[in-house]
Amino acid sequence: MIRFLLKGLIRDKSRSLLPLIVVAIGVTLVVFARGYINGIMVDMIEQTARFNTGHVKVTTKAYADNINQAPNDLAILDASNLILKLEDTFPDIDWACRIKFGGLIDVPDEQGETKSQGPAMGIGLDLFSTGSKEALRLNLAKSLVRGNLPTKEGEILLSEDFSQKLGVNSGDMVTLIGSTMGGSMAFYNFSVAGTVRFGNTGLDRGTVIADIRDIQLALDMTDAVGEIIGFFPGGYYNDELAEIVMAKSEKLFVGETGEYSPVMLRLRDQEGLSLYVDLTKSMGTIITFIFMLAMSLVLWNAGLLGGLRRYGEIGVRIAIGEEKGHVYRSMVLESVMVGVAGTIIGTSTGLFLSWLMQTYGLDISEFTKNATTGIMMPNLVRSRITPPDFYIGFIPGVVSTVIGTMLSGIGIYKRKTAQLFKELEA
Amino acid sequence: MENIPVIKTERLTKIFPMGKGEFSALKGIDLKLGTGEFAGLIGPSGSGKTTLLNILGSLDSPSDGKALVLGQSIGKLTAKEAAKLRKEKIGFIFQSYNLLQVHTVYENVEFPLLLLNYSANERKKLVMGALEWVGLTDKIKQKPPQLSGGECQRVAIARAMVKTPSIVLADEPTANLDAVNSHNILQTMARMNEELKTTFLFATHDDKVIGYLKRKIYLKDGMIDKDVTN
Ligand SMILES: Nc1ncnc2c1ncn2[C@@H]1O[C@H](COP(=O)(O)OP(=O)(O)OP(=O)(O)O)[C@@H](O)[C@H]1O
Ligand SMILES: [Mg+2]
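Taken in sequence, the protein lines are chains A and B.
Each residue of the first sequence is one higher than the last, beginning at 0 in numbering that gives the first Met the number 0.
Each residue of the second sequence is one higher than the last, beginning at 0 in numbering that gives the first Met the number 0.
It is worth saying that the hints were derived from the structure and are not from the lab.
Note that the coordinates shown come from a computational prediction; the quantities given were computed from them, not determined experimentally.
Please note that the accuracy of each hint is not assured.
Computed footprint of chain A on chain B, listed as stretches where at least three residues anywhere in the stretch have a Cβ under 8 Å from a Cβ of chain A [as the list claims (entries may be wrong)]:
1. 28-36
2. 78-86
3. 191-200
With beta-carbon atoms standing in for the labels, derived distance ranges [stated by the list, open to error]:
4. 347/A / 15/B: 52 to 62 Å
5. 78/B / 0/A: 38 to 48 Å
6. 339/A / 210/B: 20 to 30 Å
Even glycine gets a Cβ: it sits at the ideal position worked out from N, Cα and C.
Just chain A, with the same shape it has in the complex:
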């Protein structure tokens, strides 16, 4: 019987071609849209994680309450001890100390007078320890525009745009004017090692990067750090894992009270990222269902049109003694076959398009130019193919053809046998 149905499908193109095309296009869009949106969201989340939030972050309670101001007067004081504790409890997580700071970069002329000056957002991180992944994490080597990465203390990286605004070249001396942990003015001289461009409008505006030991010296933060950030093995944020780590950390920090006691923040607890994390988790499902609904509607109507043409065939089959239910089920079975074939075609094209978008990306810097949020929108959008993209298309593909056929086929049930038969005689 299946062979009989298959022959009918293959020979009668009008029976199979339209639904096949609808399914193939729909599934292509589903797979592509999933990869695309997933790519944007995950890129955004991971870039934000790398530069700012980590997958998890430990700060003092008080610091966490004002985290947007990076209040270094509320920094973690006994950092080396705390990080040992964290590494001991969470050996799989890669921990790193960071100091975020604001200040002015002052460029002196030959006489030592200010030549130019500009506000900077700085990140102090571990550039020199062997085994530190920080330089790699921020992709510094590849982002380098002029000069070199810092190789010794007293060196600083400026974002390329910022350095042009200030008119500095690598090798020039600049002064960081900031405030110490205690609240007094801080001056610290750096030599500019090089300039970087991250391809992110917010970061490229005024970021400076230096080794954390220099920043500790500059801001008088001996063994103090603003934040300890952790990155999960595998390289991607995982909300479930974050949940577990956070619960464990509460036990670890139990007994420590007061506003300087450490707390753990998940990525989702920072920068309003919870919405994005939730969206990333549910986006694929939402897309899949929207398309499934739309395709079902189209296929329902296509089925109604196609069904009219088939009343004759159905009438004979019923006259020959096939039960209505059997006819109906066989049409549903046909739709499963069409759905599977369409899904295979759609998944292949969708994956191919996603792969192109994953490999070459799409430049959207025009749209992100004026972004001011703490969430980092990469300028180059890439798709991200995940394992479900290979099979998820079967849900909208097959379900929509089946629903479409079931709805349009109800007519067979509603119509009296004699009526079907009359139409056949006509």
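Using the hints, position chain B with the ligands against chain A.
Relative to the frame of chain A, chain B with the ligands by itself:
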């Protein structure tokens, strides 16, 4: 066998709703048909031939009265039981052939056997046997659009006969055929009736068909007017 009729109706009535009122297409038909009969319903257009044939074929049900086919009361059958009766016992032949257009001659004839769950081997034997009867063994791979009207009707006969039904109901089987083809298929059916003892009931007003009938049942306005056995 003669005492258990293949078909038996008692005061069989069929009323169709028509606009606000209703229309009686069959008005109390009493009819008995025994095994192996070669009979025809004869009458002008609108006299109720097709209506009666459809009820006897369990495609429609009576409004009143009784229609027994092989001892089963048509009005009381569930859709499932009616389908089973058609599948196992009744063969249909239509004026417009009604073949499955995208399927080959072979597949068209094979279809009833698929419904009856015959094995592939049995199917092959029976299909080839039926096609031999109608003389189409050289066209098994053709599809209906490539066949002449006469050939199509022969395929339809093979399809009706392949499961050796008890009854064949043929509604104007020659209406679309020329004289030569009409005689050809009528001879084939008469031969099957002789050799397989299949009961045939025609609906027709074609003189060529009437010439072959052994029993002529004349309908007029939904009633039996005359019933003549040769
Ligand atoms: N579903 C229906 N609804 C209403 N009236 C119907 C229906 N089917 C048949 N009729 C009427 O019943 C009468 C008998 O119809 P039937 O088709 O049985 O005639 P027939 O003898 O087969 O005629 P023909 O030789 O033209 O095929 C006709 O007047 C027809 O209009
Ligand atoms: Mg008729």
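Verification of the hints:
| no. | hint | result |
| --- | --- | --- |
| 1 | 28-36 | violated (count 0) |
| 2 | 78-86 | holds (count 8) |
| 3 | 191-200 | violated (count 0) |
| 4 | 347/A / 15/B: 52 to 62 Å | holds, 54 Å |
| 5 | 78/B / 0/A: 38 to 48 Å | violated, 20 Å |
| 6 | 339/A / 210/B: 20 to 30 Å | violated, 55 Å |
Of the numbered hints stated above, those contradicted by the structure are hints 1, 3, 5, 6, listed in ascending order.
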